[in-house]
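J.: Below are the chains, spelled out letter by letter.
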Amino acid sequence: MTTAPEHIIEVKEMVKKFGSFVANDRLTFHVERGEIFGFLGANGAGKTTAIRILCGLSYPTSGEIMVAGHNVYNEREKIKRKIGYMSQKFSLYEDLTLSENIRLYAGIYRLGRREISSREQQLLKRLDLSHIRNKLIRDIPLGWKQKLAFSVAIFHKPAIVFLDEPTGGVDPITRRQFWEMIHDATLEGITAFVTTHYMDEAEYCDRVSIMVDGRIEALDTPASLKQQYESKNMKEVFLKLARS
Amino acid sequence: MSLILDHIDKSFETVQALRQVNLEVQEGELFGLIGPDGAGKSTLFRIMASLLIPDSGRCTMLGHDVVKEYREVRQIIGYMPGRFSLYMDLSVEENLAFYARVFGTTVKENYDLIRDVYDQIAPFRKRLAGKLSGGMKQKLALSCALIHRPRVLILDEPTTGVDAVSRREFWDMLKKIQGEGITIVVSTPYMDEAEMCDRVGLIQKGNLMAISDPASLADGSDARLFSLRSNKGVYAYLDQLRKMEGCRHVWLFGDELHVTLRSAADVNQVQSAIREWADDSLEWKSIVPTIEDRFMELLKEEEI
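Sequence lines, in order, name chains A and B.
Residue 102 in numbering that gives the first Met the number 0 sits at position 103 of the first sequence, and the numbers go up by one each step.
Residue 185 in numbering that gives the first Met the number 0 sits at position 186 of the second sequence, and the numbers go up by one each step.
This is chain A alone, in the form it adopts within the complex (with noise of 0.2 Å):
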């Protein structure tokens, strides 16, 4: 299959199905490389299926799908080799100290012993937490753990970070900054690719699609959508779709 270099993601009729239950339904997209592109849907839609695919983590049933240059049938230890991934859930191993962590991740990633040193200074600096590297992640409050664990999945500057709901329980102004280092993070060329029920943080990104039962129901720009769907914001957009 050719992709566009420009491409990240490449998705062409990407099909999951579990026994009859078809998880997604022929999903055809793209992700461009720089962009944060918005995942959006309801519970149960097909948002994890679809990202566990992207990240090399279980087959599509059929299709063509494109990662970072790789396609996900038999490049899948390539694929993740150039994707950083972080969820609410699963981020940062709270027995272990914020130095442990930066080490550990920097480790699985085959960084080398002088550059992890360097970095892993220069990112506790940036982040204003040298003064407790040696503290359990356990100890440290929600807003500093998902900003580590944000910067521990891009430490390894890979081509793509996927977010799977990072800001859930953080309190407004945490989940702001939290998009400031989203947003910065494409500075450098990283494409975000991220999930979230908070509809304010819809219109953060370049691109949203939203999914409703296995399928791509819209994908544009959050002002394309609001203007296609008559609506005020991108809270009206996802009701009126996933309602329907």
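No lab work stands behind these hints: they were computed from the structure.
Among the clues, some could well be false.
Restraint-style ranges between C-beta atoms, simulated for each label pair [what the hints assert, rightly or not]:
1) B/Lys107 x A/Gly18: 34 to 44 Å
2) B/Glu108 x A/Asn133: 50 to 60 Å
3) B/Glu194 x A/Arg214: 29 to 39 Å
4) B/His6 x A/Leu126: 36 to 46 Å
5) A/Glu74 x B/Glu179: 33 to 43 Å
Source: prediction; values computed, not measured.
Ideal Cβ placement from N, Cα and C applies to all residues, glycine included.
Model the placement of chain B on the given structure of chain A, informed by the hints.
T.: Coordinates of chain B only, in the frame set by chain A:
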């Protein structure tokens, strides 16, 4: 009064989870407690539900002290904890029958109260609770919390992690339950749900910071708040505004930026700077703060 919290303090080892919390909730009221994870919402709810004893202060539920008269309290409340209270290895109908029996009633006796909620999951009544989707678990847990017709319903983050459509449906159900004369105290991290409540309280780091009805919560603010919108997107202007002397806070807000000025006198300075950007699509206007604006302002005050 349905519920009275009088100077409640609670600490866990080194963490002070609640600081001098005072609150009164009236009978039949729908009260929302809004705040992020770790703010103290669950601790407060567990004290109301007689499952935790406060270090000091007093909590009464319809006149019953939650510590001394916990047996009475447990008869009159329905409590849905954040992590679902269901037995995953029992079926839907077994869970419901179990809760009814614990409270000495039957499913039949109070079925009319849960009909709207339970009808949606009734087709799966033989399914194990562990095999239900998140939205269905939530509906079953609500049915179980209601089956003994409590006078006060305590719901700890029932909509966290739930999509916008299901959240809307859930709040529609709560409104109906309130219509049956049941007092509801509910917590949520979603600010937009605050609008559905009669009154809301904002909580952060164990402090209940402001209590009001949603419409007038913003009145307590003297913020000089403006919004900025542009067809080119607003990210580009975020840093520029933050560098300006007169701008106190600048935050992303949906497709806008919300800008709090230091003083009213800064308006002209900021406006003329904005004109120099020569972006014809820019819209700059004075706005009334939303609950989320107000909460962010309170969070910032807390830092200082």
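J.: Determine for every hint whether it applies to the structure shown.
T.: Status of each hint after checking the structure:
Here the CB-CB span from B/Lys107 to A/Gly18 is close to 36 Å, well matched to the stated 34 to 44 Å. Between B/Glu108 and A/Asn133 the beta carbons are some 58 Å apart, a value that agrees with the proposed interval 50 to 60 Å. A C-beta distance of roughly 31 Å is found between B/Glu194 and A/Arg214, which places it inside the suggested range of 29 to 39 Å. Judged by the Cβ atoms, the range 36 to 46 Å given for B/His6 and A/Leu126 holds: they are separated by roughly 37 Å.
Our hint of 33 to 43 Å for A/Glu74 and B/Glu179 is violated, since their Cβ atoms are close to 58 Å apart.
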